[in-house]
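Protein chains in written order, with the numbering used here: chain A, 46 to 333; chain B, 46 to 333.
Calculated directly from the structure, the hints in this document are not laboratory data.
Model, not experiment: these values are computed from the prediction.
Treat the hints with care, as some may be off.
As the list makes no split between identical chains, a pair holds if one copy fits it or if it spans any two.
Distance condition first, Cα-Cα at most 30 Å in a straight line; then the derived DSSO-like pairs of lysine-lysine [to be verified]:
| # | residue 1 | residue 2 |
| --- | --- | --- |
| 1 | 272 | 300 |
| 2 | 278 | 47 |
| 3 | 263 | 47 |
| 4 | 244 | 272 |
| 5 | 326 | 263 |
| 6 | 70 | 326 |
| 7 | 263 | 297 |
| 8 | 300 | 263 |
| 9 | 297 | 138 |
| 10 | 300 | 285 |
| 11 | 263 | 275 |
| 12 | 275 | 326 |
| 13 | 326 | 131 |
| 14 | 278 | 139 |
| 15 | 138 | 300 |
| 16 | 217 | 285 |
| 17 | 131 | 244 |
| 18 | 92 | 217 |
Number of protein chains: 2
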Amino acid sequence: MKNSVNIGIIGLGGRGTGMMSVMAKMEDINILAVCDKYPDRVDNAVKILVDGGRPAPMGTVDYNEVLDMPGIDSVYIATDWECHVKIAIDSMKKGIPAAMEVGGAYTLDECWELVHTYEETGIWTMMMENCCYGEREMMVHNMVREGVLGNIVFCSGQYAHDLRDEVAYGEKNRHYRLRNYIARNCENYPTHELGPIAKLLGINYGNRFVSMSTVCSKAAGMEDFVKQHKDLKPSLGSTKFNQTDIVKTFIKTEKGELIELTLDTCLPRFYSRGFTVRGTKGLYQEDG
Amino acid sequence: MKNSVNIGIIGLGGRGTGMMSVMAKMEDINILAVCDKYPDRVDNAVKILVDGGRPAPMGTVDYNEVLDMPGIDSVYIATDWECHVKIAIDSMKKGIPAAMEVGGAYTLDECWELVHTYEETGIWTMMMENCCYGEREMMVHNMVREGVLGNIVFCSGQYAHDLRDEVAYGEKNRHYRLRNYIARNCENYPTHELGPIAKLLGINYGNRFVSMSTVCSKAAGMEDFVKQHKDLKPSLGSTKFNQTDIVKTFIKTEKGELIELTLDTCLPRFYSRGFTVRGTKGLYQEDG
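The shape of chain A in the complex, shown without the other chains:
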């Protein structure tokens, strides 16, 4: 068994660069390559590693160069949402297991493409749903296993994160959320909530999702935010945002548990995953 892993990092925005810095502190990880479509981000990432005493990685704007690099064991993908799955599939086809950031797939077709690619190649991809490893989430998971909460009836979670700034300044920040919030309306980021809940309810381990419905509010938060910020008016003053402010999704499981997911990113608020687990013997609730 190898004592270290050779990693390529694809996508060097806030998340990719942040995770690179975490990995750079781990002695059993060698960062062989860094990649982003923007050259200045690549240069910045190389500089961070070298300044930190790490060997200079290959820097590139073409992720295929990372996948073709000799000795790469795995790639970590933190690009814009739209190309996570394409890069993961290209990686699997070249025999390289991929670790793919949230949000994951855009369409059901993409989900099936991941399944079929795994079946053809035997190479896995892993969804990097970090909230599955949250301290509170793991604590409650253990409480449920130990029977502390009794028969589980209801779980809820939310991605409740005021992202108005990140979205509205998306041109300046080169952030993919901006175009998504203008063009789409959906639960665009469900896995922070659903990952830990699915684990806890044994989804695909004796239980499964059987039905789903989604409802949403109007879209008012982003337009109001743009109105309050004069510097945004020239580019966004007449923009209609399709993404609604509050999106609620309900999933019923085969064992009868009800799951509630909330997307809440366009209104002023404190950050919260609003994690709640209700059973016949007790209640865990993050807020309240």
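Since chain A is already given, all that's left is putting chain B on it; use the hints.
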């Protein structure tokens, strides 16, 4: 204008007796009659009034005797859920305005019957939704009017009240919730949440409800509670409860606000109306 009002109280369970005691402290209210189908409750109510220095009211087990009593200005109805509307309509038809407790009507037909009776008689009935007058609810209503929260996008509320004891001991307590929780599955008590929210969003004052959907969990809380209480097993040990533990209802308004209502009465928890109002400028949240 009269300086006092002559009231008859119909229904003398916990709520009716409690409200009678509140009214007995008000100098401008004369309690002329008290009524319940159980004679011991009637005797108890008469005794409370007389012991408190009030004139003895007429006591009866037949509410028609209250409606036919000379000088009655209004009746307060706090019977079991099933007959609120019938008594209110009988009262209106006799020219007596009625005040009807929560939950109100059982069916859409009953709602229309109330409307038609008002149109025929010109006599009103009032839904006694006390949470509309809650301190927090009135505070937030005023904040919304003053524009503090901006453009309102989302409101939620809940009837979150651990009623397992009240329901399970319904035979002993002569409580109507027991038969309802065995026979029905629905959002059986929505007005505590919906009353204040409807006021705040201007429903029927320039805004209206346009669509509704409801989802629910399994029913596990009551059966688990019965199992834990040996004295309940002889009468309820094999009872299937139809009422599910968590019932979520979503209402969309014409102006695009999303409303979420939760019924949560069969699992262990703290009492909360979970009142939340979200706007483009701020957030009010009861828990959290």
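Verification of the supplied hints:
1. 272 with 300: between (47 Å within a copy, 20 Å between copies)
2. 278 with 47: For residue 278 and residue 47, the Cα distance exceeds 30 Å both inside one copy (55 Å) and across copies (61 Å).
3. 263 with 47: Classified as neither; 53 Å inside a copy, 49 Å across copies.
4. 244 with 272: Answer is between; shortest inter-copy Cα gap is 28 Å, intra-copy 42 Å.
5. 326 with 263: between (37 Å within a copy, 15 Å between copies)
6. 70 with 326: neither (43 Å within a copy, 41 Å between copies)
7. 263 with 297: Result: close both inside a copy and across copies, 25 Å intra and 9 Å inter.
8. 300 with 263: between (33 Å within a copy, 8 Å between copies)
9. 297 with 138: neither (35 Å within a copy, 46 Å between copies)
10. 300 with 285: between (41 Å within a copy, 17 Å between copies)
11. 263 with 275: Close inside one copy (23 Å), not across copies (50 Å); limit 30 Å.
12. 275 with 326: Between copies only: 17 Å across chains, 53 Å inside a chain, cut-off 30 Å.
13. 326 with 131: neither (45 Å within a copy, 39 Å between copies)
14. 278 with 139: Classified as neither: same-chain Cα gap 46 Å, cross-chain 64 Å, threshold 30 Å.
15. 138 with 300: neither (37 Å within a copy, 50 Å between copies)
16. 217 with 285: within (19 Å within a copy, 60 Å between copies)
17. 131 with 244: within (26 Å within a copy, 50 Å between copies)
18. 92 with 217: within (22 Å within a copy, 76 Å between copies)
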